[in-house]
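Novice: Let the sequences and hints guide you as you build the complete structure.
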Amino acid sequence: MAEMKTAAYICKGCELGVRLDAAALVKAATKDGKMNLVREHDFLCSADGVALINNDIANEGVTHVALCACSRRAKTEAFNFPTVAISRGNLREGVIWIRPDSDEARETTQEMAEDYVRMACAEVKAMKVPEGNPNTGTSKTLLVVGGGMSGMTAALEGAKTGYKVVLVEKTGALGGMAAKLWKRIPNREPFKAPMDNGVADLVAQIDADANIKVYLNAVVAKTAGAPGRFKVDIAVESGPTVTEDIGAIIQATGFTTYDMAKLPNLGAGQANVVDQLGLEALARAANGGPIKRADGKEVKSVVFVQCAGQRDATKTHLEYCSGHCCATSVKQAMYFKDANPDVDTVVLYTDLRMPGNNEDFYRAAQNKGVIFSKGAVANVSASGDGCTVKFKDLILNEETSADADLVVLATGMVPTTGPDLDQLNEANRAAEGGDAAAKEQVIQMMSKSVLNLDYRQGPDVPQFKHGFNDSHFICFPYETRRTAIYAAGPVRRPMDIAQAQEDATGAAMKAIQAMENAGLGRAAHPRSGDLSFPTARLEGCTQCKRCTVECPFGAIDEDEKRFPLFNESRCRRCGTCMGACPVRVISFENYSVNTVGAQIKAVDIPDEFSEKPRVLILACENDAYPALDMAGMNRNAYDPFVRVIPVRCLGSVNTIWITDALNSGYDGVMLMGCKHGEQYQCHFVKGSELGRYRMSKIYDTLKGMNLEEDRLMDLEVAITDIETLPKKINDYAARIVEMGPSPFKGL
Amino acid sequence: MTSVVATNQTILVVGGGIAGMTAALEAAETGKEVVLVEKNPYLGGRTVQLYRYFPKMCHPACGLEINLRRLKANPRIQVLTMAEVTGIAGDKGNYSVTVKLAPRFVNESCTACGECNKAASTEILDAFNYNLGKVKAAYLPSDMAYPQRYVIDPSVVGSAEGQAIKAACKYGAVDLDMKEEVVTLNAGAIVWATGWQPYDAEKITPYRYGEFKNVITNVEFERLADPHGPTGGKLLRPSDGKEAKNVAFIQCAGSRDENHLRHCSRFCCMASLKQTRYVQEAFGDAGKSTVYYIDIRAIDRFEDFYQEVKANPNVAFVKSKVARISEDKNGDPRLWGVNTEGYIRYSEPYDLVVLAVGMEPSVKNVAIPAEVLGDSSGFVMADPANAGIFGAGCATNALDVNRAVQSATAAALRAVQVVNQVARAEA
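In order, the protein sequences belong to chains A and B. Just so we're aligned: 174 in the numbering used here is position 174 of the first sequence, and the numbers increase by one with no gaps anywhere. Just so we're aligned: 401 in the numbering used here is position 401 of the second sequence, and the numbers increase by one with no gaps anywhere.
Hints were generated in silico from the structure; no laboratory data involved. On a predicted model such as this, the values are computed, not experimentally measured, just so you know. We put the beta carbon where it would ideally sit given N, CA and C, even for glycine. Each hint should be verified, as a subset may be incorrect.
[Stated by the list, open to error] A few chain B residues that face chain A, going by a derived Cβ cut-off under 8 angstroms, partial list only:
1) 18
2) 111
3) 112
4) 299
5) 300
6) 342
7) 376
8) 416
9) 424
10) 425
Specialist: This is the structure in structure tokens:
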């Protein structure tokens, strides 16, 4: 490691040189920042400016660079120096663009700029260039759990990309639910008739692929390790347990159908009422001929009841829509019509949901004489040789009924995702308290685990809603809270085969990417490519477990001595562990208690008589900081007494920053983070929530310091708050003036 | 002259909307070289013109920020904006692609300081706001625009104003001599992610879009709701600036109609449900929405959102395909038709009518290379005969944002498979 040599560059472009006293900035960097080398430049992002910096790095041995120019979000192509540590003093978007160009404002604007120069110098000196996670794993084998349509597709796509695949299937054959289908919904032009279910073709491809190793009658008994170095125990029925080295995992464990026995009013238990899967069995038995009931009678009339036990506003049954069932009933009605056009087929629905080109499939059914009726079904009863379906015809607005030889219930999908971790944790707590029933419940729940992760935070991937493993992020559908473990197919959200295959292909992309990056010691989304990773000074650790409990991604286990055990390649680099640590032993090379703490200390705090308060803003770099930047781009002015420090996530905010700031004479602290709660927007899922929870505890500390509660302000910020955020800053600054200076000033 | 470094192991992604950006990022983050070609001067496509996403009501800019940060941090992606693919030759594993680059008249020296904007006086239609407002002829398309670089409209090039704009730039970033360029680049695989366009509402003649000012489209309504849009986020109707407190939404405007779009566009039901929330947020109980629909397609967990909207007493649902729209003297559009639930005729005036226009694949109206196969609606189909070009996002199907990203992630893998084959063959 070369000796540290620091340099600060003061840009005078974009009016910086006109609005600010550059010589004073140079002085701040030299005298207060104590930089080894300080240069000013008229246009730092120009080829000439960049060459100047590159030359200093190459020939002057500069290792640490403080760029005092524009925002860290601007001119990133020009300011790209990958071999050195870099900090950015935001003098443009953060100072001159948010301050009026007036004589009265000049002094405070200059003070602001000088502080940002000092902060950039202080930060960079506390930083190191990340060297990358040394505990990388090199396994590039993909594990796919579940051998249905999604799992088979993921396995084949992975193998086609050049990776080895281990495919684990619980039953004795590949194919899953799709294998039980007579035919599938068409996924290609002309979208007019059911098509072959495609299972045999995929099974043949898998059999022929030397890169895919299949375990049938097998389950995952244990998953230990981390991305790139998972050790997965595969328990094979009537055989020894096998351990495989795995790089990344796709969970494609599919679904079960909603138990129709729970729908007695819709005819559950009656001989002539089946669910959609039951009808598939009848269709397979008919093999293209007329479909017969279990009693052998040929079906001449059939009624399909859509949304059976689904979209249930009373929450007794499934609340969601399973998406595929409308098209599935259309397909099944065609089974009848194609064998015998005289069969009466009626579909009772409230909203027919067949998006995209399925509209053509719907049209084709209408052309084949399938009747669609908007109706709400009240009950299905046995009558004569068949059933009577009572329903309200929503078009004619009348109660009516239809008789049929057979009734098909379109029940929904229930995902096979393993136990809900929150419920499991609760049961675990009760069991530890000695509750015998809870103990039994834990055993019960654990028996349903799919992945049996040997993780401190539980055996499976946390669920999102209604038991599915979906992502909460609209822009990032593959995000899960367990790095390099991706859900595919109906475990993620209800979907049909075509979507499941597309989904599985995407999941294979993410899993392959995760293996590659784990091997290189790089972070996964959203800080993809980040080489920094958390380290802990264990000699200072008090084993309080906060980091292991709080990590939103389950990255930290406990070792046999109960110290935190970091699994770096599971880590997403949000810094929540660092924020959680009460003894401040956790840090990243380029982001630590010290990189932020040093900035807080670098700010010049005027005395209590100066009428120049100081407010520290810790702003989430994902949403709040860009919003502040864009406020600058729009020249939306805000108070000159605030000093903004971007943080990786509110979850990474350590309370020491706040107490240190208030102790050292700051008059107030503002926290700006993303929305939390059910509609959370935190890119680290729980980060902002955990951060806020932690901050709520700090009010007692404030009381102990004899400080008003308002000295700390927690603000929920969205990236679009470009106009409102400056107002809120100004309001808070006004409140600070009202309260008067902090009593800690000058102490 | 623009230089692009590309080989037969490079993946070309055509279209820089959320699908194209995703495909490019996923491939690049797996270690592949990518060239991303975008027609607009900025990345992000139609998603960034949305005010909020359903069902979370969160802002597209939030995800764009993350995607842009991924992009800025990744040296493997070369971005070409104002660029269009004009020809593809060759085969899987070795394509030769010609790309036409329109002049931006601003080079990479631009610092986005905005001095050129101050020097400009001519105003042009603001395409980012669906032409509902105007911008100066030297403009940054949006606050989130990437590259963060101004654009000079060709209309002022060659004028005195153009010279003044050039003179205002201290950094030599304005280059009025910039010419259209054609570059040829090599690629092993191509991801076609050219997205969609709103169906041309003027073609639905009974709705009189383009004639009645207070009949607008769903994409335009997004811009009205956006605080950074042409009305500053106020729901003001175009004819007289009156607050649009009573709004009708007409579903399947063009979709599910063999005379227009044969397919269901999927997103429009949820989009209108979301937009009823805008009306509610703007006016509280004084804001009324009526949704005219055939089926409400709130699929999978979106059902939760539908149930919430349905429970709102200020939102009404009418099962009806609206027959026609007339205009009252005060400018109110009036809807005529029959509520099929009970066969009740209606004739109802509203402050504003929002047409939930469908999604037409963009491939339909551009010079799409013959190698890219379309289905009867114009969506790109997977073509086993030409296995090096893959559709992604709304170019392949009517998709919401979430599903477009999924599709793009899958397309990225297919492209990676091809360039991996090339790499193995050459190893």
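Novice: Now tell me, hint by hint, if it's right for this structure.
Specialist: Verification of the supplied hints:
1. Interface hint at residue 18(B): satisfied, since its Cβ lies 7 angstroms from the closest Cβ of chain A, which is below the 8 angstroms cut-off.
2. At its closest, the beta carbon of residue 111(B) sits 5 angstroms from a beta carbon of chain A; the interface hint therefore holds under the 8 angstroms criterion.
3. A least Cβ separation of about 7 angstroms between residue 112(B) and chain A falls short of the 8 angstroms threshold, and the interface hint therefore holds.
4. Satisfaction of the interface hint for residue 299(B) is found here, the shortest Cβ-Cβ separation to chain A being roughly 5 angstroms, below the 8 angstroms cut-off.
5. The restraint placing residue 300(B) at the interface with chain A holds, with a minimum CB-CB distance near 5 angstroms, inside the 8 angstroms limit.
6. Restraint check, residue 342(B) versus chain A: the minimum CB separation of about 5 angstroms is within 8 angstroms; hint holds.
7. The beta carbon of residue 376(B) is positioned within 8 angstroms of a beta carbon in chain A (closest approach about 6 angstroms), and the interface hint is therefore held.
8. About 6 angstroms separates the beta-carbon of residue 416(B) from the nearest beta-carbon of chain A, less than 8 angstroms, and the hint is met.
9. The beta carbon of residue 424(B) is positioned within 8 angstroms of a beta carbon in chain A (closest approach about 7 angstroms), and the interface hint is therefore held.
10. Look at residue 425(B): its Cβ only gets to about 12 angstroms from chain A, farther than 8 angstroms, so that hint breaks.
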